[in-house]
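There are 2 protein chains.
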Amino acid sequence: MIDINKAIEALDWNKEPRGLYEPIEYTLASGGKRIRPTLALVAADAIVNGGLINGDAIDQTMPAALALEVFHNFTLLHDDVMDKAPVRRGRETVHVKWNDNTAILSGDQMLIEAYKLLSGVPADKLPQVLKWFNEMATAICEGQQMDVDFEHASQVSIDDYMLMIEKKTSVLLANAMRIGGYIAGATPAQQEALYQYGLHIGLAFQIQDDILDVYGDPKTFGKAIGGDICANKKTILLLTALEMADAESKAELLQWLMATDRNEEKIAGVTAIYTRLGVREACETIMEEHTAEALAQLDKLPQNSATESLRLLAEQLANRKS
Amino acid sequence: MIDINKAIEALDWNKEPRGLYEPIEYTLASGGKRIRPTLALVAADAIVNGGLINGDAIDQTMPAALALEVFHNFTLLHDDVMDKAPVRRGRETVHVKWNDNTAILSGDQMLIEAYKLLSGVPADKLPQVLKWFNEMATAICEGQQMDVDFEHASQVSIDDYMLMIEKKTSVLLANAMRIGGYIAGATPAQQEALYQYGLHIGLAFQIQDDILDVYGDPKTFGKAIGGDICANKKTILLLTALEMADAESKAELLQWLMATDRNEEKIAGVTAIYTRLGVREACETIMEEHTAEALAQLDKLPQNSATESLRLLAEQLANRKS
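Note that the protein sequences, when read in sequence, are chains D and C.
Residue numbers for the first sequence follow the working numbering, so the first one is 3 and each next one is one higher.
Residue numbers for the second sequence follow the working numbering, so the first one is 3 and each next one is one higher.
The shape of chain D in the complex, shown without the other chains (with noise of 0.2 angstroms):
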């Protein structure tokens, strides 16, 4: 496989002013799984069959490929302002090594580098590419705008819910997917399972991740167990539990709501609702159909080294620990 990380240290940000670019090497060099644009890239080596390593392929899709993982990072960057979040993978977050300001001006500038990078798209499959990129980025907004008035609203349905982890990480995977596909030559039907299959192991990570906050192993779990249950976060799994709950169960877990200072016995007293509620089962339950759903995808492809990849990715999401 290409690897990514060559292309993404390949970028150049030795310009001026330093006070914008900086902050944007900053931001890149910083890590991360790179699955968008890996995504991007095996969308379309399924496509053209496993031969992605020679020829035109990679060259074509490279682009679009960065041009998604400069756009999740401008994503990152932008949320850990409005977070307040003093550290992303395991380093000073930009709004706190500068400021605030220079968080904003060089977010905007990444995502105008997105932009660039997406121009490099072959010229006859650009409008389309743009517009679906155009229609993800809107999408991962109105998720975010959605996650901020779910902490004030009183009423959040599981609908509700799977709509905004929809829009806030599904459509960049099921786009990543499209995208790179479209662009090696992927059919109508091909490109709609692509996305399709980005939608729905995007959905089964998000509800597997709302699973180990709680029942996680604090060995192989990246953070403490617990944090959503501490903040009122409404996961997947606290909303399942309301639905779920009778009364009684339902009065014991809004008490625990409005506990804030006991935050050890309130993880345990929670917890305690969810397994007696069976919300674990339920929402493994639906997180095991997105698998399925995006398993089920793949047939719709060709069959080769690529998609087979794509199969052990989806079940591997729906297996991890952490």
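One should not assume that every hint holds.
A pair holds if it fits inside one copy or across any two, identical chains being indistinguishable in the list.
Simulated crosslink set (EDC-like; lysine to aspartate or glutamate; CA at most 16 angstroms straight-line) [as the list claims (entries may be wrong)]:
| no. | residue 1 | residue 2 |
| --- | --- | --- |
| 1 | Lys-17 | Glu-137 |
| 2 | Lys-236 | Asp-162 |
| 3 | Lys-17 | Asp-151 |
| 4 | Lys-99 | Glu-27 |
| 5 | Lys-86 | Asp-102 |
The hints are simulated quantities; they were obtained by calculation from the structure and are not laboratory data.
Guided by the hints, dock chain C onto chain D, whose structure is given.
Same frame as chain D, now just chain C:
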């Protein structure tokens, strides 16, 4: 001429989540001179020889014209957060009426909306227009960063200053002209003339802005006289004065720069130095050179009602009092 305001009002922001789109609607409804989209349309009109009022040329140019206006308003929205500006066009700024996070996220979405509008450019023209638009957007972020850097820089040359205002202000006007003309079918020589016209009226405009801040008539000038002097802003007047001054005047000027508590006296004192050194005349000469350069570009274009409007605009900008 086409009513650009109607086209802006026709943009649909009645979308969910409201927290994302309301601030965009509010920002675009606050008016402004709509100079950038108007320039794009007049440039197109100049190329089709005043025939823009009917036919495809309007439809083809309008998406880019609107993209430029939405982009410009995005820069104002984020600039106001960074400058902590309370008021814009007589109304509360978005970060005051809502909050910083709303201004950041809705601003991001506005930038994306600009690209959405841009994707309406005819497909055969889109790659070039996107490339210019991206270069323009980059220049504006670079210019903004340079302006921030200048605040703390001990040494700023007039060349640095000219480059900063070119990037921050002029490149947008230049690209509005060039993009409008290109979509309407301008030859490469005409594209360049349109670009240079926009660039030089932008420079003339910004220099006149600096002059009016000191020498404007308080009755007709929109804001208080001397604001730049009080803020020690590195305007072309101050940089010219520092360059023209002998040792004695320079010492006197630097003395005033350190005074932060006697605004009325400071304005009078600095203005007296400017006047004694002939700074106003020197800056007016630079401004007039740019106006003349802009006018000279018009000779390279078809002579019609549109180029006549552009001639009047350049002359008015040079003689404006507010």
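Status of each hint after checking the structure:
no.: 1; hint: Lys-17 <-> Glu-137; verdict: between (30 angstroms within a copy, 14 angstroms between copies)
no.: 2; hint: Lys-236 <-> Asp-162; verdict: within (11 angstroms within a copy, 51 angstroms between copies)
no.: 3; hint: Lys-17 <-> Asp-151; verdict: between (38 angstroms within a copy, 15 angstroms between copies)
no.: 4; hint: Lys-99 <-> Glu-27; verdict: within (13 angstroms within a copy, 34 angstroms between copies)
no.: 5; hint: Lys-86 <-> Asp-102; verdict: both (9 angstroms within a copy, 12 angstroms between copies)
In this structure, none of the earlier numbered hints is contradicted; all agree with it.
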